[in-house]
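Peer 1: As a plain string of letters, each chain reads:
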Amino acid sequence: EVQLVESGGNLVRPGGSLRLSCAASGFTFRSNWMNWVRQAPGKGLEWVASIKQDGSVIRYVDSVRGRFTISRDNAENSLYLQMNSLRPEDTAVYYCARGPNYGVGVDYFDYWGLGTLVTVSS
Amino acid sequence: DIVMTQSPLSLPVTPGEPASISCRSSQTLLTGNGANYLDWYVQRPGLSPQLLIYYASTRASGVPDRFSGSGSGTDFTLKISSVEAEDVGVYYCMQSLQTPYTFGQGTKLEIK
Numbered sequence: 005e006v007q008l009v010e011s012g013g014n015l016v017r018p019g020g021s022l023r024l025s026c027a028a029s030g031f032t033f034r035s036n037w038m039n040w041v042r043q044a045p046g047k048g049l050e051w052v053a054s055i056k057q058d059g060s061v062i063r064y065v066d067s068v069r070g071r072f073t074i075s076r077d078n079a080e081n082s083l084y085l086q087m088n089s090l091r092p093e094d095t096a097v098y099y100c101a102r103g104p105n106y107g108v109g110v111d112y113f114d115y116w117g118l119g120t121l122v123t124v125s126s
Numbered sequence: 031d032i033v034m035t036q037s038p039l040s041l042p043v044t045p046g047e048p049a050s051i052s053c054r055s056s057q058t059l060l061t062g063n064g065a066n067y068l069d070w071y072v073q074r075p076g077l078s079p080q081l082l083i084y085y086a087s088t089r090a091s092g093v094p095d096r097f098s099g100s101g102s103g104t105d106f107t108l109k110i111s112s113v114e115a116e117d118v119g120v121y122y123c124m125q126s127l128q129t130p131y132t133f134g135q136g137t138k139l140e141i142k
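Residue numbers (the working numbering), protein chains in the order written: chain A, 5 to 126; chain B, 31 to 142.
Honestly, the hints are just simulated from the structure, not real lab data. Treat each hint with caution, since some may be false.
To be clear about the criterion: a stretch of chain B counts as covered by chain A if any three or more of its residues have a C-beta under 8 Å from a C-beta of chain A, and this derived list gives those stretches [what the hints assert, rightly or not]: (1) 72 to 85; (2) 133 to 140.
So, partial list: chain A residues that the calculated Cβ filter (under 10 Å) puts toward chain B [stated by the list, open to error]: (3) G48; (4) S54; (5) Y64.
Simulated crosslink set (DSBU-like; lysine-lysine; CA at most 30 Å straight-line) [unchecked claim]: (6) A:K47 <-> B:K138; (7) B:K109 <-> B:K142; (8) B:K109 <-> B:K138; (9) B:K109 <-> A:K47; (10) B:K142 <-> A:K47.
This one's a predicted model, so the numbers in the text were calculated from it and none came from an experiment. Where a beta carbon is used, it is the ideal one built from N, C-alpha and C, also for glycine.
Based on the provided sequences and hints, a complete structural model is requested.
Peer 2: This is the structure in structure tokens:
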């Protein structure tokens, strides 16, 4: 059974940093694109970042580029999101989502974790 | 960025009746290989989003066949042939053609 378990969400002050983790199990982690998608309270879904199987291709939404860094450790079956210079508008539930195990792009998110809440407030 | 526009935003449906959600993209999602890079997701109350349809019309694993996707280019539709109580939630379309991948605003399906 595919499982994605996020952790690391917390209350942080504007300008602060946080590192989210996603522990994957039930599939060959190194074979799939991996992604972060967020959802602000009461709002819709927003794609944040994606990373290719070997980490050679990384993409970000403009609003986080230069502040957030997505990475993965295939030996540890883990996905990460380092979040720096956090802003109140980054407040959201952050979901880890699996992409396909083929192709040059993400195409779809077929499994999602339960999410971890990041709150940026003074 | 590709803008995704859904309608309606609210959809009250009687159980057993069909339902239809429209999604329009600001650019074509059809590529030279014939694929449309359009997905449908549902987020049931209190739960994480779930993939329903990808490539506009391919049902994801385990998705009941009362859900179907159609369309091509810039106009797409998600249909539920006979709504059940468990179908309550917010339905999102998403384009996966190019980054930033973008979602529609969401359509809230509720039971009458």
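Peer 1: Confirm or reject each hint.
Peer 2: Do the hints match the structure? See the list:
For the segment 72 to 85 of chain B, the stated coverage by chain A is satisfied: 7 residues place a CB nearer than 8 Å to a CB of that chain, which reaches the threshold of 3. A stretch counts as covered by a chain when three or more of its residues have a beta carbon under 8 Å from one of that chain; for the segment 133 to 140 of chain B and chain A the count is 4, and the coverage holds. The beta carbon of A:G48 comes within 5 Å of a beta carbon in chain B, closer than 10 Å, and the hint placing it at the interface holds. Given hint, A:S54 at the interface with chain B, holds; its Cβ is 7 Å from that chain's nearest Cβ, closer than 10 Å.
Against a cut-off of 10 Å between C-beta atoms, the interface hint on A:Y64 holds, since the closest Cβ of chain B lies about 8 Å away. A C-alpha spacing of about 12 Å is found between A:K47 and B:K138, which places the hinted pair at or below 30 Å, so the restraint holds. For the hint linking B:K109 to B:K142, the alpha-carbon distance of about 18 Å falls within 30 Å, and the restraint holds. Restraint check for B:K109 and B:K138: the C-alpha separation of about 14 Å stays at or below 30 Å, so the hint holds.
Taken as a hint, the B:K109 and A:K47 pair is honoured in the structure, with Cα atoms around 23 Å apart against an allowance of 30 Å. Our distance criterion of 30 Å between C-alpha atoms is met by B:K142 and A:K47, whose separation comes to about 23 Å.
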